[in-house]
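J.: So the sequence lines, in the order shown, correspond to chains A, B and C.
Going by UniProt numbering, the first sequence wraps up at 299, each residue one higher than the last.
Going by UniProt numbering, the second sequence wraps up at 323, each residue one higher than the last.
Going by UniProt numbering, the third sequence wraps up at 336, each residue one higher than the last.
Just so you know, the hints here were simulated from the structure itself, not pulled from any lab data.
Predicted model, so just to flag it, every value in this text is computed and none were measured.
Incorrect hints may have been included.
To be verified - Each pair of labels, with its calculated beta carbon distance range: (1) C:Gly57 with A:Leu277: 50 to 60 Å; (2) C:Arg254 with A:Ser47: 34 to 44 Å; (3) C:Glu227 with A:Glu27: 33 to 43 Å; (4) B:Phe275 with A:Gly185: 20 to 30 Å; (5) B:Pro55 with C:Ile2: 39 to 49 Å; (6) C:Arg254 with B:Ser261: 45 to 55 Å; (7) B:Pro55 with A:Asp84: 25 to 35 Å; (8) A:Leu277 with C:Phe173: 35 to 45 Å; (9) A:Ser195 with B:Thr184: 54 to 64 Å; (10) A:Ser194 with B:Arg277: 50 to 60 Å; (11) B:Ser133 with A:Glu27: 46 to 56 Å; (12) B:Gly269 with A:Ser195: 25 to 35 Å; (13) C:Phe173 with A:Val85: 50 to 60 Å.
To be verified - Short, incomplete list of chain C residues facing chain B, as computed with Cβ under 10 Å: (14) Ile258; (15) Ile261; (16) Thr262.
To be verified - Among the chain C residues that face chain B by a calculated CB cut under 10 Å, a handful are: (17) Thr71; (18) Phe74; (19) Asp77; (20) Ala237; (21) Ala239; (22) Gly241; (23) Val250.
Heads up, the beta-carbon is just placed ideally off N, CA and C, and yes, glycines get one too.
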Amino acid sequence: MNETAIIAENNISPPHPLKEFWKYFSENKGAVAGLWFIGIAILVAISANLIAPHSPFTQYRDAILQPPFWMDGGTTEFILGTDDVGRDILSRLIFGARLSLFVGVIVVTLSLAVGIFLGITSGYFGGFYETVVMRLMDIMLALPSLLLAMAIVAILGPSLQNAILAIAVVVLPHYVRLTRASVIGEKSKDYVTSSRVSGAGPFRMMFVVILPNCMAPLIVQATLGFSSAILDAAALGFLGMGAQPPTPEWGAMLANSLQFVQRAWWVVTFPGLAILLTVLAFNLAGDGLRDALDPKMKR
Amino acid sequence: MTKLLEIENLSVEFDGFKAVDGVNLSVDEGKVVGIVGESGSGKSVTQLALMGLIPYPGIIKADRLMFHNSDLMALSAKKRRSITGKDVSMIFQEPMTSLNPCFTVEYQISEALKIHEGGTRQERRKRVIELLSQVGIPAPEDRLGTFPHQLSGGMSQRVMIAMAIACSPRLLIADEPTTALDVTIQAQILELIMDLQQKKNMALVLITHDMAVIAETVEDVVVMYAGQVVEKNSSDRIFTNPCHPYTEALLNALPERNINSKRLPTIPGLVPGKFDRPDGCLFHPRCKHAKKMCKEVVPKYSEKNSIGVRCHFPLINGVPQYD
Amino acid sequence: MIQFLAKRLLQIIPAFIGVTLLTFSLVHLIPGDPVELRAGERGIDPKRHAEMKAAMGLDKPLPVQYFDYITGVFKGDLGKSFVTKKPVLKEFLTLFPATMELSFCAIIFAIIFGLPAGVIAGVKRGTIFDHSVMGISLTGYSMPIFWWGLLLILFFSVQLGWTPVSGRLSALFWIDADTGFMLIDTLRSNEPGAFKSALSHLILPSIVLGTIPLAVIARMTRSSMLEVLQEDYVRTARAKGVSPSRVVMVHALRNALIPVITVIGLQIGVLLAGAILTETIFAWPGIGKWIVEAINRRDYPVVQGGILMISSLVIFVNLIVDILYGIVNPRIRHTA
């Protein structure tokens, strides 16, 4: 009997990469929980108009600072209570989810697109261009991100739009560096040389040949980028440099709650909890992704 | 002659994968035993288990793990540490990464002395210098403050050897000590190890995948395949009269046996991994003498006249004995 | 070593030039004319406008303006605040010790708890302790600290009344700011209870500011420890018969600390960003609160000067971290 035939017969093939990925990812319970939470948050954000019991802007003047329903004086009409002008906190949180996820999507898309472009071109072409881009990124990294974002907002003026732009600029260096590092790592590999030899042009080399092999760390960074974008947007909102009132943005909701700390804990607690859980969910999912995608972390 | 080391039915499992599977091994006082096999055959893991160095999440099982009259499986962790590094010590494959980059050569060698023998700083320094000159490092006094990254691979391996022999061990395990080195250095290091073995009358377990090294240096040979011992034989006999088809195939792949042929023969296929472990004899998919029985029944390891073999149809003079 | 130092010193020059370019252009990028901004809403007649523009040097070409700006910076002239009319540098130096005191306590808090937690979690990987450290630190890492501060105030100050709500010192005391560090000043003042008051004011802000660095340090220490523990040299140490505690504390930790030190150094930027939020919540009179107020008041010289000072500080601290890194890691020291 032919030997190779015997080998093939006994070969129990290793699992499909995607299946293996899911196996590793689902082993991490935290990551799965994070993914569930993100899924629910997206559903809530999409159907905010349907599920929110009230409009986020309507002020119920006869129910100012009403506590959550399980406390004395609370009613099921306002499940999580009302704020200082009588708006329903739950409804504002639900619409806030829409806003926060929107911020995340725009920031990540913007910074990822520009970051990949700058990173891949500087890694591929090198030389003076690379030096200029990377030095610029170094300078941006030298500044504390929130401070840089604040400086940009100071120039452009406070609004949610400008806050998004500022955050996208601030996180850019991470994507540029990451892309460039993996491009340089991949560039010297044989498969890249072989496609160059077979006549691939620079555009094809960069975006078709090299880029797909650099995606794993970028996917992870993008997931984690959601959490930092949401967190930074909330911080800017809290400082009055992001979304402006009466926008139901989670950070902005906290901004004037400081004066109610002593009287109405619910005004303080729920928006922050929403931020924490959302950010935590993205971080958990990002960690799980990294562990599942990074072969080094596998046992 | 007294038995220094006796291992019976040793298994090491990682996450359900048996890296070492029912290994028997014994070493006599002052003897040299060679272990050969391809990468991934469990040679190193066997010795790491002996040293108590199996990393997380490995699980060790053995019927008997005796070293110099003490049962290693029964000893407390502390007692066991007083043996490792003193009576048994080990040299590793990668000298460049086996030395701690944060500490000087002197610190790392004298640490072994400090743990097992104590003594003052001056005494230890004197001993370190002595050891360094024993392993052939020129101007040892000047090398004390050297950091590992300043040493070449050969030099690093010499330092590793000095560290291993610091407490005059009864058994030295050399795990492919020359694999990572330049070809010109390989012979020197091997010669140094054999020389020290003679002078200090240590037992030596030499792990290698190089049959030529075995032929030059070793008295007894153990051949491993996929975590199992497939043959144990003296080095005189194994080259002329191998009993296991795997040993035969390894020998046939030696360049010096194929001087007139255009191509070196290879053993088709690979050592089975986690996902492709065959039924029956683990070697049967690659064995040119395999029969139906080999695919179905796991062969037992049997020892007769100090020759051990794990095969249904062991070879005699190159002919399988189908009865 | 000297070569290594010189090389690193040279490397910070472009970063510094970049930062000054950024702060310089900040004023020029702001929509609207600086003179009109300064005049506020009262308006200004064209003649006076031109005079002021000349006085501020805004009629010169941009490169000259930049050169003037840089020379000013090196002379310590960062302009004057629109609001208080005091020199920006002087205001910065008055407020800076408060931020430094807070940041210092925060990073100490983070190291004291984060480092051991990370080491133990790494050594005892897979245990309940490991899982809880990782869970808690990921929560800490995800924490919106402005909310965390509010929660702590709500619980410890409002509910339990253990700690003061805001500020650096109880109003009962008046302490001369000799060093600007309240802990030191109160100790030297011999006022009974002043030091205790200063300390109690510091606790919550330090915890809040230290939360994210704590989480980062714990996670980094753990992963670095995990990586180092499977290095060949750790196996060598164990093969010598070195005890497990010594393997961890001497052989592994020393190597594992190398990336951790870098991470601690990188936390300085995080701390200064966090200080902006923490100081706002706790009404802590430091540079973070100062800059937030300046941005809200459109006090551009303060914004410009503050950003310049903080960035230079971060660059400087990163330099120190690099040098420390060289000392811990002999490979860098010798090859660079």
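J.: Now look at each hint and say whether the structure bears it out.
T.: Going down the list of hints, with the structure as the test:
1. Distance hint check: the CB atoms of C:Gly57 and A:Leu277 are about 52 Å apart, consistent with the given range 50 to 60 Å.
2. At roughly 55 Å, the beta-carbon separation of C:Arg254 and A:Ser47 lies outside the given 34 to 44 Å, and the hint is violated.
3. Separated by about 20 Å at the C-beta atoms, C:Glu227 and A:Glu27 break the suggested range of 33 to 43 Å.
4. Look at B:Phe275 against A:Gly185: about 28 Å separates their beta carbons, and that is inside 20 to 30 Å.
5. A beta carbon spacing of about 41 Å between B:Pro55 and C:Ile2 agrees with the range 39 to 49 Å that was offered as a hint.
6. Distance hint check: the CB atoms of C:Arg254 and B:Ser261 are about 54 Å apart, consistent with the given range 45 to 55 Å.
7. Checking the proposed 25 to 35 Å range against B:Pro55 and A:Asp84 shows it is violated: the Cβ atoms sit about 59 Å from each other.
8. A hinted range of 35 to 45 Å for the beta carbons of A:Leu277 and C:Phe173 is consistent with their spacing of about 41 Å.
9. Our hint of 54 to 64 Å for A:Ser195 and B:Thr184 is violated, since their Cβ atoms are close to 38 Å apart.
10. The hint said 50 to 60 Å for the Cβ distance between A:Ser194 and B:Arg277, and at roughly 34 Å that hint is violated.
11. Between B:Ser133 and A:Glu27 the C-beta distance comes to about 53 Å, which sits within the given range of 46 to 56 Å.
12. Take B:Gly269 and A:Ser195: their Cβ atoms lie about 31 Å apart, and the range 25 to 35 Å holds.
13. Between C:Phe173 and A:Val85 the beta carbons are some 39 Å apart, a value that contradicts the proposed interval 50 to 60 Å.
14. For C:Ile258, the interface hint holds, the least distance from its beta-carbon to any beta-carbon of chain B being 8 Å, beneath 10 Å.
15. Among the interface hints, the one on C:Ile261 is violated; its C-beta lies about 13 Å from the nearest C-beta in chain B, farther than the 10 Å criterion.
16. For C:Thr262, the interface hint is violated, the least distance from its beta-carbon to any beta-carbon of chain B being 15 Å, above 10 Å.
17. With a least beta-carbon distance of about 45 Å to chain B, the hint placing C:Thr71 at the interface is violated under the 10 Å criterion.
18. Checking C:Phe74 against chain B by beta carbon gives a least distance of about 40 Å; that is not within 10 Å, so the hint is violated.
19. Against a cut-off of 10 Å between C-beta atoms, the interface hint on C:Asp77 is violated, since the closest Cβ of chain B lies about 46 Å away.
20. Annotation: interface hint on C:Ala237 holds; nearest CB of chain B at approximately 7 Å, less than 10 Å.
21. For C:Ala239, the shortest C-beta to C-beta distance to chain B is roughly 5 Å, which falls under 10 Å, so the interface hint holds.
22. At a threshold of 10 Å, the smallest CB-CB gap from C:Gly241 to chain B is about 3 Å, leaving the interface hint in force.
23. Look at C:Val250: its Cβ gets to within about 8 Å of chain B, closer than 10 Å, so that hint holds up.
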